[in-house]
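Asks: Top line first, the protein sequences correspond to chains A and B.
The first sequence: position 237 = 237 (full-length UniProt numbering), numbered continuously.
The second sequence: position 168 = 168 (full-length UniProt numbering), numbered continuously.
Source of the hints: derived by calculation from the structure; they are not laboratory data.
All of these numbers come straight from a predicted model, not from anything done at the bench.
Treat the hints with caution; some may be incorrect.
[Claimed, not checked] What follows is a list of derived Cβ distance ranges for each label pair: (1) L282/A <-> L59/B: 25 to 33 Å; (2) I76/A <-> L169/B: 52 to 60 Å; (3) R10/B <-> K149/A: 18 to 26 Å; (4) F143/A <-> L72/B: 35 to 43 Å; (5) F55/A <-> F66/B: 52 to 60 Å.
By construction, the Cβ of each residue, glycine as well, lies at the ideal position given by its N, Cα and C atoms.
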Amino acid sequence: MSWREFYKNRWLYIMLLPGIIYFVIFKYVPMYGIVMAFQDYVPYRGIWESNWVGFKHFERFFSEPQFWMLFRNTFILALYNIIFFFPLPIIVSLMLNEVVTERFKRFVQTLIYVPHFVSWVVVVGVFYMIFTTEGGILNELIFAITGQKIAFLLEPGWFRTMIISQSIWKEVGWGTIIFLAALSGVDTQLYEAARMDGASRWRQLWHITLPAIRSTIIILLILRLGTFLDTGFEQIFLMLTSTNRDVGEVFDTYVYVKGMTQAQYSYSAAVGLFKSVIGLLLVVGANQLAKKCGEEGIY
Amino acid sequence: MKQDRTLGNRLFDYTNHTLLLLLGIVTVLPFIYITAVSFTSPAEVAKGGFILFPKEFSLAAYRYIFSTSTLLNSLWVSIYITVLGTFINLLLTTLMAYPLSRPYLRGRKYIMLGVLFTMLFSGGMIPTYFVVNSLHLTDTLWSLMIPGAISAFNLIVLKNFFQQIPDGLEDAAKIDGCNDVSILFRIVLPLSLPAMATFALFYSVAHWNSFFSAILYINDSDKWPVQVWLREIVILAQSRIGDTSIEEADIQPLTIRMAVIVFSTLPILMVYPFLQKHFAKGALLGSVKG
């Protein structure tokens, strides 16, 4: 690049600087900091002076009994998410799409978008207030009917149900936006033609509407697979109690507990790296899969 | 789309409408319930039963909140990081997105690749913590604003948005003697107001709801945002229930816990109706691949 061209665009390069500095310091320096996973990192010595220990922390992690617990918990939550959460925004947007009165449609949309904008703390807090055995409205109701209370929040068996229900309540409405956008692009002439041929509402749905959003569904499913291990860190962190760790602890929360509360920096950095690498492989793999399916992929 | 008024179609419509209405009600009912309880006198709440409208209206819970300096203080912290943080987000994102949207700028591809890679792989919590700590940002409010100053995703969407602005405008402004900075601020930004409003909303909601970065970076409870107190008062207190070693006084009455939820949610719910138009459009903006 010639000096002259650089000078001509000097303002553009100056504008780029703060952003580049930001990405280098807060995104790339931490990537370099990963080397602490291969050290016995001591904060006052820093990365330059700490001792190298090779794969010691990884060996420890893979041989811990917790490894399989974390693996199982992360995997089951991710799987539940895909089975129980993923189809719902599609179903709801198909239902909304069938509504003829624009005002009713907007009214419902306005209501179901709301929880997306509140924090996980509020969502978990609201669930706690409703499901608690100490005066929670749902337990009052169950008690009135059955004479017993259900410890939704303390019983480990309810943990996954609670997590998935919270995700559904918070994000299903918001998740419809992208499908509604895809649906709004469908040519209405197709429906008219189908009706002429005597197609029922169900047949129109099956032969016109669903194929129209097929590629959106596949792309989103693949994106979801790519972030399979991200099980919603804040939410799970908030829902964990001393009683449900056996089913609730996932890779992310384990990194926090080991690193920030027990100061095992190198070990938890190693766990974090393991998760990041698996995550990267999943994204790349899912994208390849998308391209194999004849879709565009995400990059 | 219009459908024939046959019996089957009408049945279909009734069922569909009813189900959607139910869904909408289930979504907002918890908010109504919690708001109603927070305005009800504790005596009435103790009787139990489902409260959708406060029978005995009481401001006791809110009086308690506004008499505690910790909660009011955290309200200011949250407002501060939301306003200043969103400003920083918008400024830095715009400054970086605009040059990257100029097709003739050398090196932009490599910078874009560098940005994209951060979406796929990251150093993780522990190395990031040490970076923030070594910059002496921990225990300052900057730690809640600077480490997340640019969202790679928003940057890419904004860059694509800027690319759609016709080049002719830029050329005309250059002939009139504008440099790139004044083109951005005087011509491009005024044309991008809907996009900026959307990003302002997304960034500010994220700041208002931010909670984990405060847990990670801030020990000083005077600098805790609202969400951290909410967790202390509602969630941690709740999980201590049944723990006999904790004294009763440590756990706030139900009405106060519910009022804290309302207190920390209200600002978002107040701006919601005004911004709804924008974000529906903005979300589309974000979902269109470019």
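Asks: Take the C-beta atom of F143/A and the C-beta atom of L72/B, compute their distance, and say whether it sits inside 35 to 43 Å.
Replies: Distance hint for F143/A, L72/B holds at roughly 37 Å.
Asks: That 25 to 33 Å hint for L282/A and L59/B (C-beta), does it hold up?
Replies: Distance hint for L282/A, L59/B is violated at roughly 51 Å.
Asks: How does the Cβ-Cβ distance of F55/A and F66/B compare with 52 to 60 Å: does it lie in that range?
Replies: Holds, at about 56 Å.
Asks: Holds or violated: 52 to 60 Å for the Cβ distance of I76/A and L169/B?
Replies: holds (54 Å)
Asks: A range of 18 to 26 Å was offered for this pair. Does it hold for the Cβ distance of R10/B and K149/A?
Replies: violated (43 Å)
In summary, the numbered hints that this structure violates are 1 and 3.
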